[in-house]
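K.L.:
In case you want the letters, here they are:
There are 2 protein chains.
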Amino acid sequence: MRNTGVPLLVVDGGGTKCLAMFLGSDRSLLGEGRSDGCNYQTVGETGARESLRQAITQALGQMEVITGNDPETINVECAVFGMAGLDTERDHEVLTRIIRDVLKSERIEANKVIVENDALIALFGAAGGQPSVLVISGTGSIVCGVNELGRYVRSGGWGHVAGDEGSGYWIGTKAVASVFKMLDGRGETTLLGDGILTFLGLENAEDLYNWIYGEAYSVDKVADLSAIVKKCADEGDAVAMSIVEQSAQELFSGVMAVLKELKMVNDPFQLFLQGGVLSHVPEIQTKLMGLLDTAVPGMYQVAADTALEPIDGIISKGFDWLNKHRQEIAKR
Amino acid sequence: MRNTGVPLLVVDGGGTKCLAMFLGSDRSLLGEGRSDGCNYQTVGETGARESLRQAITQALGQMEVITGNDPETINVECAVFGMAGLDTERDHEVLTRIIRDVLKSERIEANKVIVENDALIALFGAAGGQPSVLVISGTGSIVCGVNELGRYVRSGGWGHVAGDEGSGYWIGTKAVASVFKMLDGRGETTLLGDGILTFLGLENAEDLYNWIYGEAYSVDKVADLSAIVKKCADEGDAVAMSIVEQSAQELFSGVMAVLKELKMVNDPFQLFLQGGVLSHVPEIQTKLMGLLDTAVPGMYQVAADTALEPIDGIISKGFDWLNKHRQEIAKR
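Top line first, the protein sequences correspond to chains A and B. Counting from 1 along the first sequence, just add 1409 to a position and that's the residue number in the numbering used here. Counting from 1 along the second sequence, just add 1409 to a position and that's the residue number in the numbering used here.
Heads up, a few of these hints could be off.
SDA-like cross-link-like pairs, simulated, lysine to any residue; straight-line CA separation at most 25 Å [stated by the list, open to error]: (1) B/1672 with A/1672; (2) B/1426 with A/1619; (3) A/1669 with B/1647; (4) B/1669 with A/1669; (5) A/1630 with B/1570; (6) A/1672 with B/1570; (7) A/1669 with B/1603; (8) A/1733 with A/1591; (9) A/1672 with B/1591; (10) B/1639 with B/1651.
Think of the hints as simulated: they come from the structure by calculation, not from any bench.
Please construct the entire structure, taking both the sequences and the accompanying hints into account.
P.N.:
Structure below.
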């Protein structure tokens, strides 16, 4: 058999990992592959292409073992990609081109290719057709929502330079700035000084400066400092507590913007909370919900399946497409 | 004549330009050369070395024409370098090594080499032995001060990632963040939206996002946006006015930290204001002085020669050294 038909290829092209899966129409897993992050904004086009290729090659290899086939070409009904770093029309063009290159080099022919922002596709999977708002705060942050008409909007998520308010990176830079301010006499004393210097194995402001502008620095590592902010806030440090408070305030402002844009301020909605900051700094979750309780009392319900993985949203998107095109597919 | 003696080589190794001068003991200019910025934190060690080399080569060439000499070796009594990007001990080591390499390759033998932070050396030149505070806000920002005992301290100046509060870059990122917040519904309406998009030739938030994470972006270009903030503040825009206000507040907090550290809060001092933001956004100067009038009334005088160039401080430093070592030099 030189040609195999497969219903779905789903790919979670995240910022820190890439996960590819071939699925049967009964949702059975036919093959799975993993590789490194493939946000082309951070790893470049070549890096993203390579990560996608590795994950898909691995999934293909597993599928050959599972199905016993070693086909020349794979026909996929629908290939769905949830991609980090897809924020604009231009990103969509770039990523679609990269993805088509990879599919070609892997001898995969897809009848339909869907390429979407990873947050929006996660929301799609989570929402299940209900009015919903998804708040993500990990290294970056974004809020997106969908109303009962299926209209999607987003707020925030403009990256680490002048956006991503309330995210891990945003919290980390606020913390570092507070430490500099304490050490050079501008700011109040804060446990963040000892906390951050010890965490990074540094001794003083000059070391911290060299770390920030040195090779060890990365956006992810600054985001990791949010763990120190949580620890210091737990110990009652006023500066750390204020950063936690501001983070919740920023995410709240994103939720309200989405509700207003979708004209959902007076309607019930499901609230999904995702990302490392929201799961590891529960104080931010609590404060965010406190702000919502005042602004839209009784209107939201925190969804129980908040722990859904992004790939679940991507799989839902794929089966949604297959269901809608069932007749068309049957005719082929 | 195969060997020429020259009293001074002074070099202003700034972030945007490098200026080198050979000077006679009567302060006569023997040769001058210019090249690009040589902050090694931004242009790298190779870039800094190349800029220094170009400026010094050009100055040497001019000196040969002026003096009619084409010597094999130049003996310089004192070489003084005021360097951008020199903030820590490690920076001092790196820059001293680069500078010694360049001097060697240019066949210059210096009896004394002084390498200092550009802001501190500018303050030295400006202070003239009096208790003084220098506030610089250009692309970056820093406040430094010297008391009557000659003790120097600094506050701020920790770079664009988590410092340089009140600088042009800091103002620019605040402005861009405000535009994103307006465009995605989180923030209030501001003239900065039209102002910044028009200035950059862009149409919407997605364009702005692509600009920030694209090749055209630079810290300097973000700092240029402070001109738009000034314009919008002049037109009464509340968001822009608030950014101007915060900038003055941040610089004020730097001045107070320096005064406290130098125990000069109750003593008169000279205030020097430098940098593009302070000269092009006079509202920040006015607000800063208003805050100081309340905090340390009658204690400061804005120095008239605020417009002194950094090279003037470097020249003062050089002649100061020559004067102190006059006898020693005479014996050689």
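K.L.:
Next step is simple, just say for each hint if it's right about the structure.
P.N.:
Hint-by-hint comparison with the structure:
no.	hint	in the structure
1	B/1672 with A/1672	violated (57 Å)
2	B/1426 with A/1619	holds (23 Å)
3	A/1669 with B/1647	holds (23 Å)
4	B/1669 with A/1669	violated (48 Å)
5	A/1630 with B/1570	holds (13 Å)
6	A/1672 with B/1570	violated (37 Å)
7	A/1669 with B/1603	holds (23 Å)
8	A/1733 with A/1591	violated (59 Å)
9	A/1672 with B/1591	holds (17 Å)
10	B/1639 with B/1651	holds (11 Å)
In summary, the numbered hints that this structure violates are 1, 4, 6, 8.
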